[in-house]
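Novice: Okay, here's what each chain looks like letter by letter:
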Amino acid sequence: MTVAAVQFQSNWLQILQSPFMVHALIGGSLVAVAAGLLGYFVITRQNAFAAHALAHIGFPGATGAILIGAPVTLGLAVFCIGGGLLIGLFGRRVADREMATGTILALATALGVLFASLASANASTTTSVLFGNLLAISQDQLVVYGAFTLAVVLTLAVLARPLVFASVDPAVAEARGVPVRALGLAFVVLLALTITMAVQVVGTLLLFALVVTPAATALRITARPLRVAVISVALALGAVWGGLVLAAMVDLPPSFFIVSLAVTAWVVVLAIGGRRRRQSPEPLVDAHHPH
Amino acid sequence: MTGVDERPPALAMTDVSVVRGGRTVWSQGTFSVRAGAVVGVIGPNGAGKTTLFQLALGLLPAATGRVEVLGAAPRRGNRRIGYVPQNYTAALGHAIRCRDLVTLGLIGGRFGLRPASAAERARVDDALRRVGALEFADRRMSELSGGQQQRVAIAQAIVDDAELLLLDEPLANLDLRNQQEIVRLLGELHRDRDVTVMVVAHDLNPLLPVLTEAIYLLDGHPHHDQISDVVQEELLTHLYGTPVGVVRTAQGDLFTRAAWRDPR
Numbered sequence: 001m002t003v004a005a006v007q008f009q010s011n012w013l014q015i016l017q018s019p020f021m022v023h024a025l026i027g028g029s030l031v032a033v034a035a036g037l038l039g040y041f042v043i044t045r046q047n048a049f050a051a052h053a054l055a056h057i058g059f060p061g062a063t064g065a066i067l068i069g070a071p072v073t074l075g076l077a078v079f080c081i082g083g084g085l086l087i088g089l090f091g092r093r094v095a096d097r098e099m100a101t102g103t104i105l106a107l108a109t110a111l112g113v114l115f116a117s118l119a120s121a122n123a124s125t126t127t128s129v130l131f132g133n134l135l136a137i138s139q140d141q142l143v144v145y146g147a148f149t150l151a152v153v154l155t156l157a158v159l160a161r162p163l164v165f166a167s168v169d170p171a172v173a174e175a176r177g178v179p180v181r182a183l184g185l186a187f188v189v190l191l192a193l194t195i196t197m198a199v200q201v202v203g204t205l206l207l208f209a210l211v212v213t214p215a216a217t218a219l220r221i222t223a224r225p226l227r228v229a230v231i232s233v234a235l236a237l238g239a240v241w242g243g244l245v246l247a248a249m250v251d252l253p254p255s256f257f258i259v260s261l262a263v264t265a266w267v268v269v270l271a272i273g274g275r276r277r278r279q280s281p282e283p284l285v286d287a288h289h290p291h
Numbered sequence: 001m002t003g004v005d006e007r008p009p010a011l012a013m014t015d016v017s018v019v020r021g022g023r024t025v026w027s028q029g030t031f032s033v034r035a036g037a038v039v040g041v042i043g044p045n046g047a048g049k050t051t052l053f054q055l056a057l058g059l060l061p062a063a064t065g066r067v068e069v070l071g072a073a074p075r076r077g078n079r080r081i082g083y084v085p086q087n088y089t090a091a092l093g094h095a096i097r098c099r100d101l102v103t104l105g106l107i108g109g110r111f112g113l114r115p116a117s118a119a120e121r122a123r124v125d126d127a128l129r130r131v132g133a134l135e136f137a138d139r140r141m142s143e144l145s146g147g148q149q150q151r152v153a154i155a156q157a158i159v160d161d162a163e164l165l166l167l168d169e170p171l172a173n174l175d176l177r178n179q180q181e182i183v184r185l186l187g188e189l190h191r192d193r194d195v196t197v198m199v200v201a202h203d204l205n206p207l208l209p210v211l212t213e214a215i216y217l218l219d220g221h222p223h224h225d226q227i228s229d230v231v232q233e234e235l236l237t238h239l240y241g242t243p244v245g246v247v248r249t250a251q252g253d254l255f256t257r258a259a260w261r262d263p264r
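Same order as they appear, the protein sequences are chains A and B.
My numbering puts the first residue of the first sequence at 1, with every later residue one more than the last.
My numbering puts the first residue of the second sequence at 1, with every later residue one more than the last.
This is chain A alone, in the form it adopts within the complex (with noise of 0.2 Å):
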């Protein structure tokens, strides 16, 4: 069994410029500004398995529009979204929604495997949706991802604070007269769209690194809503530039470097959290509740 070699490309720049790499910039930054955005959200609200569950919904979407030879953007979008709206539509209590979340994830997943089979799709077209492949992204997805991540940004703008309010502090929201059963739904749509670009960038599989994993990282910085969508899309734009630019110098898929970078941050940030904690114990915290 041979290893292939990892290679310095010395001309690393050049290929940054190349037309597939100037592609995969402008997609990658339209992903990590929706995916970076929506973070917050899918942490306050619990929706993390939900949006994990999602991705691999994706999954049958894609393969199921390879078989019948319809864009793999708009069968990801369609099961997505229909995903979605199914997930939210079941029981509200987050134990009801992970049962039936994970139900629907392993469905999806078995009819993914079914319509890559029916459509003897290669293991490299399976295999980009997995793990995500941003070098081949078109000129026609970006339009769309374009357009997506608009859709997403400016959806924010209007909803962003009775959204922040419904997902934490549901009960108190809906007494207030917060349409909050709505608001959920548009999240669900939003993120389907943000999940359905994601893919593309790092594939169902990894997913998470981009749409949680920078927003968790930014919530241990700060708790301040607006400050985290800021550090959260700045730290989700670093990771995918970082991560490109790591794939031109050694040729390896861009997903490992997104992810790698993404985590690394989280790390960084855990352990600087971690020792401050222990330098200052809680003051305020009274001797009658531990808490």
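If you are wondering where the hints come from, they were derived from the structure by calculation, not from laboratory data.
Every residue, glycine too, gets a C-beta built ideally from N, C-alpha and C.
A hint or two may mislead.
[Said to hold, decoys possible] One-sided and incomplete, this derived list gives chain A residues near chain B with beta-carbon spacing under 7 Å: (1) Trp12; (2) Val158; (3) Val168; (4) Arg176; (5) Val180; (6) Ala182; (7) Leu219; (8) Ala223.
[Claimed, not checked] Have a look at the derived ranges for each label pair, beta carbon to beta carbon: (9) B:Pro61 to A:Arg276: 43 to 53 Å; (10) B:Asp125 to A:Gln14: 53 to 63 Å; (11) B:Arg79 to A:Arg276: 36 to 46 Å; (12) A:Ile221 to B:Arg114: 20 to 30 Å; (13) A:Arg276 to B:Phe111: 32 to 42 Å; (14) B:Asp160 to A:Leu252: 47 to 57 Å; (15) B:Arg193 to A:Ala234: 43 to 53 Å; (16) B:Asp125 to A:Gly238: 43 to 53 Å.
[As the list claims (entries may be wrong)] Here are some of the chain B residues that sit facing chain A, going by a computed Cβ distance under 10 Å: (17) Phe31; (18) Phe53; (19) Gln54; (20) Gly77; (21) Ile81; (22) Val84; (23) Gly93; (24) His94; (25) Ala95; (26) Asp100; (27) Leu101; (28) Met141; (29) Ala153; (30) Asp203.
Since chain A is already given, all that's left is putting chain B on it; use the hints.
Specialist: Same frame as chain A, now just chain B:
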């Protein structure tokens, strides 16, 4: 206050019944809570105490009868009601600062990105100050003790100048000292702003210093009485399904106690 309060009742029910999941939770609810009262809502688990609040908040319709809140029909999003749900603090974590949570109580339903105005921020500060939470306003909810979290929850409920406060088990999971501080705070809010306060509670004792009356859910119906009529051994024993004694101290303080004794 002097003279007769001419405000409409804070909560009035006429022959109300509530049905949830095909089951009648309680029925024949006829009572009127005057504005400015401090009401304990008591009864065994599952008797429908929280359901009573949901009726007032417009989150659940009455199956029969008529409900009036502050002189009008109940409706969701009534800004004149402040609400602190049960297990409130447990649901919130590390993702929100106290100050931001209270701000949501004021402008959380507002669409668009327009930030809180200076006047709105001042109201938030004022609410935080009134409950004694200003000093930890910039900390995350998860960093606070149970009593501190409960204060912030109350600040959120009063920030929009609610006339009726509904608190569901605000003393649960608090130690004695924190329970007393929250009760004192409720007394202050009631005195300073003449707010009507309704508190769901398992244990009457910590609330007795401030309660003026009580609604107790017994045998499938809500009953409304002055607090001195509620704190009676026979009634409480029936209510809790276990012997309860009532003690009045020389200072006039009222206590309930478990009256069961080991027969040996």
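Novice: Would you list, in rising numerical order, the hints stated earlier that this structure does not obey?
Specialist: Numbers 1, 5, 6, 16, 17 and 30, in rising order.
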